[in-house]
Structure formats: structure tokens, C-alpha cells
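Residues per chain, in single letters:
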Amino acid sequence: MSVEVVLFWLFAACTLLSAAVVVVVRSPLSCAISLVGTFFSLAGIYVLLWAHTIAVLQVLVYAGAIMVLFLFVIMLLSLAEVGPGTKLSFSRLLGAGAAVALFAALLGSILKLPVRPDAWAADPAKAAAFGTLDSVGKLLYTSYLLPFEAVSVLLLVAIVGAVVVAKSRI
Amino acid sequence: MSPSPLAPYLPLAVALLVAAGVAMAMAVLASVLGPKRPTAIKQEIFECGSESVGPAHQRFAVKFYVVALLFIVFDVEAVFLYPWAVNFRALGWFGYAEMAVFAATLVVGLAYIWKKGALSWET
Amino acid sequence: MREFLDEIIRDRLGQDPASWALTQGVYLVAMMAAGIALTTFGALFAGLTSWWERRIAARMQSRVGPNRVGPQGILQFLADALKLLVKEDLISSASDRWLFRAAPYFVVAGFALTFVVLPFGYHLSATRMNVGLFYVLSVTALVVVGILISGWASNSKWALFGGIRAAAQVVSYEIPAGLVILVPVLMAGSLNLHDIIRAQGGWPWDWYLFQTPMGYAGFFILFVALLAEGNRTPFDLPEAESELVSGYNTEYSGMRFAYFFLTEFGNLWVMSAVMTTCFLGGWQVPGVSAENLARWEALHQVPGWFYLVSAAVFCAKTLLLANVVIWIRWTFPRVRVDQMMSLCWKYLVPAAMALVVLAAVTELMSFELFGEAARVQAPLFSLRGLIHFAFFAAGGLVPAVLFFRKTFRNISFVGDRVRPLSNW
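Residue numbers (this note's numbering), protein chains in the order written: chain B, 1 to 170; chain P, 1 to 123; chain X, 1 to 424.
It is possible that some hints are incorrect.
[Unchecked claim] Example chain B residues on the side facing chain X (calculated, C-beta under 8 Å, incomplete): (1) Ser30; (2) Val36; (3) Thr53; (4) Val56; (5) Val59.
Bear in mind the hints are in silico, worked out from the structure with no lab data behind them. A virtual CB, placed ideally from N, CA and C, is assigned to each residue, including glycine.
Let the sequences and hints guide you as you build the complete structure.
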């Protein structure tokens with residue numbers, strides 16, 4: 001077994017374990033800390049996939065920005081401890097349904113993948129260019145132009161949403 | 001040997017392990033060396049000598065939440081500008097226009113929150 | 001690091017690094033050594049700076065400062081460390097013990113991880129990352145998370161206010177910092193810290209600081225943003241002693257307090273090194289041109305002194321900036337929270353965005369006018385060289401002259417005598 005395979009299992013185990021802790025633990029702040037662990041393990045897996053840019057973005061955006069927002073919201077609401085919540089509401093069912101659908105979609109696309117998708121990485125020139133900011137940028141600004149511009153609209157909506165939600169008193 | 005995606009990250013892992021190891025070792029050493037004579041007064045939280053009133057975890061201003069959301073939005077914006085910045089010569093004026101449209105949308109957003117007063121903390 | 005080791009293996013040991021059996025072993029040992037050396041360096045720098053800053057502060061306030069332990073008191077930090085080591089480790093009964101203990105490690109980890117990509121000289125850094133600057137921005141996230149947790153877990157009002165203020169401040173100022181770093185990235189076309197340095201030159205007019213007005217303005221925006229990110233005065237609101245006791249680390253004592261303390265002083269190096277890299281030419285040695293260096297590299301004859309001199313140049317610039325930061329700390333009063341927020345969102349963020357757009361326009365125009373030559377440094381007596389020099393003068397010299405005139409006027413205004421070296 002190569003180092004990469006060992007590390008993959010290590011990161012995968014860490015991801016699953018810390019994700020499980022997020023779901024199980026009662027104290028919201030401990031959940032948040034555990035979520036940081038999940039994000040970092042995921043970043044490790046991205047590195048193993050040669051996706052260097054995505055790995056750093058994972059840390060920058062999720063472990064950084066999103067996590068700070070989570071912590072702020074937890075602190076803002078002074079959530080000391082949340083109960084397990086036994087009521088079977090419509091939104092819970094919807095959430096569970098969405099989770100199952102997402103899992104099925106991901107599983108479907110994983111099963112379609114070739115067994116060793118990283119065989120190309122044996123070519124050092126390809127490996128050096130893959131996943132760098134350079135190559136991501138070339139794709140983003142040519143082939144994926146529309147999604148990219150759509151992101152700006154999404155961000156605008158997020159700004160407006162933030163102000164509307166907080167409007168009562170700022 | 002086939003190239004590994006891990007090469008640039010090895011020193012990172014080592015530095016992290018060393019730093020965390022040294023830090024934990026020092027903390028353990030401190031707990032061994034230091035005295036341990038806890039008293040009820042020592043274990044109170046510090047509020048300049050007066051007794052603390054009420055819980056510390058109070059609700060705080062919603063402004064902080066707005067700042068956190070703004071941070072996410074503009075952080076993501078900056079993240080999208082970096083791939084353009086390393087390629088902008090190759091992308092030329094077309095890429096510049098794309099970036100300008102993207103940035104302009106967010107400038108509109110910034111102007112909106114500015115107008116709404118979310119950036120004014122004077123009160 | 002790898003390049004450096006390859007060079008040593010190839011040029012000093014006469015082996016081919018690709019086929020030599022011991023290469024991986026050399027890498028591993030060197031990386032262990034680098035990790036240990038960086039941690040030691042960070043801790044030593046932080047300790048020495050804590051002494052140095054106290055001495056400077058004392059000098060600026062007509063006091064003596066710590067001068068008893070060792071020559072000029074230089075060993076004071078060891079005495080302090082020893083004291084903190086044998087202190088009782090207090091954890092208040094109201095705090096969340098587990099999170100309280102964990103928080104300092106987040107801060108230390110964020111700090112140690114930054115050092116790994118920082119350059120220290122020519123080919124001298126623990127690793128080279130394609131996403132270098134991005135990485136530096138992203139690991140500060142760990143510090144923010146650590147500060148927030150420490151404030152919350154302490155279960156004390158001062159700590160909570162300090163932690164929340166710190167988080168709001170650091171994340172806010174990360175936006176102008178992240179945007180303005182785009183200016184050197186645009187000019188160099190890379191996020192790798194060494195590439196950004198190599199795109200600059202040794203002489204001051206080859207630095208990005210003086211290359212364009214955007215670089216000049218960008219440097220100051222980055223400077224202010226990094227001051228705020230490092231919680232340095234005038235942005236020390238998170239630990240404003242007169243308002244919040246000590247902010248997020250109020251409840252900490254002993255070694256755990258020392259970690260927050262060390263990180264804060266060590267951050268001085270990190271921010272100065274980032275500024276040196278982005279705008280001050282990094283390790284470029286004056287007189288050694290890019291062609292010169294390329295020739296040495298092609299022949300595998302980079303002289304040993306170049307490694308040393310480049311490291312000395314880098315450290316000198318970084319230390320100079322660190323001293324400016326210390327100087328600022330003991331000169332300016334603290335800003336208010338609302339001033340801190342409006343400075344960031346109403347001034348720095350729009351200014352940084354405008355700078356990026358302007359820098360892109362000028363770079364694209366110069367690229368169209370001069371083609372690929374625009375990326376190479378121009379000789380002084382040519383059209384490009386003269387445009388460049390005009391930018392240098394407009395961006396650097398004129399504001400500098402204005403600054404000195406204003407300062408001297410202020411001094412005369414309060415009725416003091418102008419002594420150029422000592423009274424401003």
C-alpha cells in the first residue's frame with residue numbers, strides 16, 4: 001500500500017468520525033469544532049486528488065468564513081445545548097429526503113468513475129499543472145463563464161438577504 | 001518514483017506536528033511544575049474584583065452577524081478573483097470585462113448595505 | 001526547500017537527485033529539521049520581540065525597561081517563559097474546560113502553519129506552494145476560530161467581548177488584505193511567494209511598492225489591514241486593556257496564556273514577511289539582476305554567499321517593518337469600534353477594489369504597448385524606464401516629501417524645535 005492510500009483511509013476515517021461527532025454531540029460549539037476537523041480532513045482528501053486549489057479553498061472558505069459565521073450564530077443565539085428533538089415535522093422529513101437524494105446522486109456518479117482515475121498522474125507534466133490556480137482559472141474564465149457570473153448574482157442575493165434578515169435592528 | 005500530490009505538504013505536516021507536540025509537552029510540563037491549590041475564589045471568573053452578575057453568554061448585537069455574512073460574500077469574491085489574477089494576461093480584455101461585471105455586481109451589493117446603514121456602527 | 005536540497009545534492013555531493021538512493025531520506029531529514037527550525041525560530045523571534053518591544057516602549061516613554069537579565073536584559077524572555085511555566089494553571093469553574101484547553105492549540109497551529117510557506121531567502125523556505133499567498137490567508141482562519149472559542153469557553157464577559165470583537169475585526173480586515181494582495185499577484189502572475197519576489201528586483205525602484213501608484217497605495221492598505229489582523233495598536237480593540245482587561249485571553253494563565261502571547265508577537269514576523277514579499281522585493285539582492293541569477297542557475301553555479309546575502313536582505317527588510325509596527329504601537333491611540341469598522345468597509349474595501357481594477361488596466365495597457373517586454377525590468381534611460389521612474393517619483397518620493405513637511409510643520413506648530421533624528 002502506498003502512502004497515498006494509507007493517508008486516504010486516514011483522512012476518510014477522520015472525516016466520517018468528526019462528521020459523526022457533529023451529529024451526535026449535544027453542545028453546539030463542540031459540534032462546530034468537530035466540523036472544523038471534518039473540513040480539514042476533506043481538504044486532505046482534496047490534496048490526495050491533486051486538487052490543490054480546492055483544498056486551500058476548502059480551508060479558506062469553509063474552515064474560515066463559514067465556520068466564523070456558524071460560531072457567531074451559535075454565540076448570537078446563546079445556544080447552550082440543544083435537545084435531540086423528537087418531533088417528526090414536515091421540514092425534518094424534507095431534510096431527510098433531500099439527504100437521501102443527494103447520497104443517491106453522489107453514489108451514482110461515483111460508481112460511474114473508472115477504477116483508477118489518477119493513472120494520468122504518472123505523467124509529471126500533467127500532474128504539475130493539474131489542480132493549480134492557473135488551470136482552474138483558465139477553465140473558470142472560459143468554459144464556465146456563465147456559472148461564474150451567476151455566482152456574483154448569488155452573492156448579491158446573499159448580501160441583500162443578510163440585510164433583510166438583520167434589518168429589524170442594525 | 002511516480003510524482004505525489006503530497007510533496008509540498010510534507011513540511012507542513014511536520015511543522016504542525018512539531019508545533020502541536022512542543023505546545024502540548026510544554027502544557028503538560030507546566031501542569032507538572034506548577035502548583036495546584038485551587039480555591040473557590042481563584043476559580044471564579046475575573047471581573048476586576050467585583051462579583052460577577054448574570055451569565056456571561058449574553059446575546060450580542062446582530063451587527064456582528066452581518067459582518068460575518070459580509071465576510072463570507074466578499075471572501076468568496078476575492079477567491080474568484082485570484083484565478084483571474086494569475087491568468088489575466090492570457091485572458092486579456094475579455095477576461096477583464098468578465099471580472100469587471102463580477103466585481104461590479106458586488107460593488108452594487110456593497111453600496112446597498114452601505115445605504116441601508118449596516119456599516120454604520122456609531123449608535 | 002526541494003530545489004535547495006536538489007542543488008546541494010547535485011552541486012555539493014555530485015549525485016543526481018532523481019536517481020540517488022538517499023534522496024528521499026535527505027528530503028525527510030531536511031523537512032524534519034525545517035519543521036523543528038521553524039518552530040524554534042517562531043518561538044525565539046516572539047520571545048526576543050517581547051523583550052525588544054518593551055525596551056523600545058520604555059525608551060519612547062523615557063523609561064528604562066527590562067535591562068537586568070543578561071546584557072541589556074536580552075534574556076528577559078527566558079525568565080518570563082520560566083515564570084509562566086511554573087505558574088499555577090487556573091481554569092475557572094464556570095468555563096467549558098475542554099474547549100478552554102483546546103483553544104490555544106488552534107491559535108498555535110494557525111501560527112505554525114503560516115511559517116511553512118514564508119520565504120527567508122533565495123530558495124530558502126520550508127515548502128513552495130503554487131497557492132502560497134492563498135494558503136497564508138486561509139490558515140489565519142484557524143487563529144480566528146481559536147480566538148472565538150477561547151472567548152466563549154472562558155465564560156467571562158471580558159473574554160467573550162474580546163473574542164467577538166477580535167473575530168469581527170480579523171475577518172473584516174481579511175477582505176481588504178485579500179483584495180490588495182491581488183495587486184502584486186496581478187503583476188507577478190503567480191501566487192507563489194518566491195515567484196512574486198523574483199518578479200521584482202533588488203533596487204528600491206524595482207520593488208512593487210514603487211513600480212506603480214497602485215503598488216504604493218496597495219502597500220499601505222495591506223499594512224493597515226495586517227496591523228488590524230494582528231490585533232496591533234491602533235487596532236488592539238480585542239484586548240483593549242482599559243476596556244476589556246485583556247480581551248479573549250483574560251481567563252488564561254501560565255503556559256496557555258503564553259501561547260496567545262507568543263502567537264501575537266510572532267505574528268509581527270509573519271505580517272512583516274508577507275509585506276516584504278509582496279511589495280518590498282523580498283530577498284532580491286541589489287546589484288544581482290534577474291538575468292544574472294538566471295545565468296547562475298543555468299550553470300548550477302549560484303554562489304554560496306548569495307544564499308546568505310539574500311537571507312540577510314530579507315530579514316533586514318522584515319525586521320525594519322516589524323520595528324515600524326512597534327513604533328506605531330507606542331505612538332498612536334486606539335481607534336473606536338465604529339471607526340475600525342467604517343475604516344475597513346467604507347474606505348479600505350472600496351479602495352482595494354479600485355486598486356485591483358486600476359492595476360489590471362495599467363498592466364493590460366502596458367502589455368499591449370510593450371508586449372512581453374513589459375514583464376522585464378526596463379533600463380532607466382528608455383521610454384519604459386522613464387515612465388517607470390515617473391511613477392516611482394509620483395508614487396514614492398512626492399508623498400514622502402509631503403509627509404516629512406507635514407511632520408516638521410506639526411512639530412514647529414506645537415513650539416518644539418525640529419531635530420530631524422530624534423523628535424518625531
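Evaluation of the provided hints:
| no. | hint | in the structure |
| --- | --- | --- |
| 1 | Ser30 | holds (7 Å) |
| 2 | Val36 | holds (6 Å) |
| 3 | Thr53 | holds (6 Å) |
| 4 | Val56 | holds (5 Å) |
| 5 | Val59 | holds (4 Å) |
Against the hints set out earlier in the document, no violation occurs for any number.
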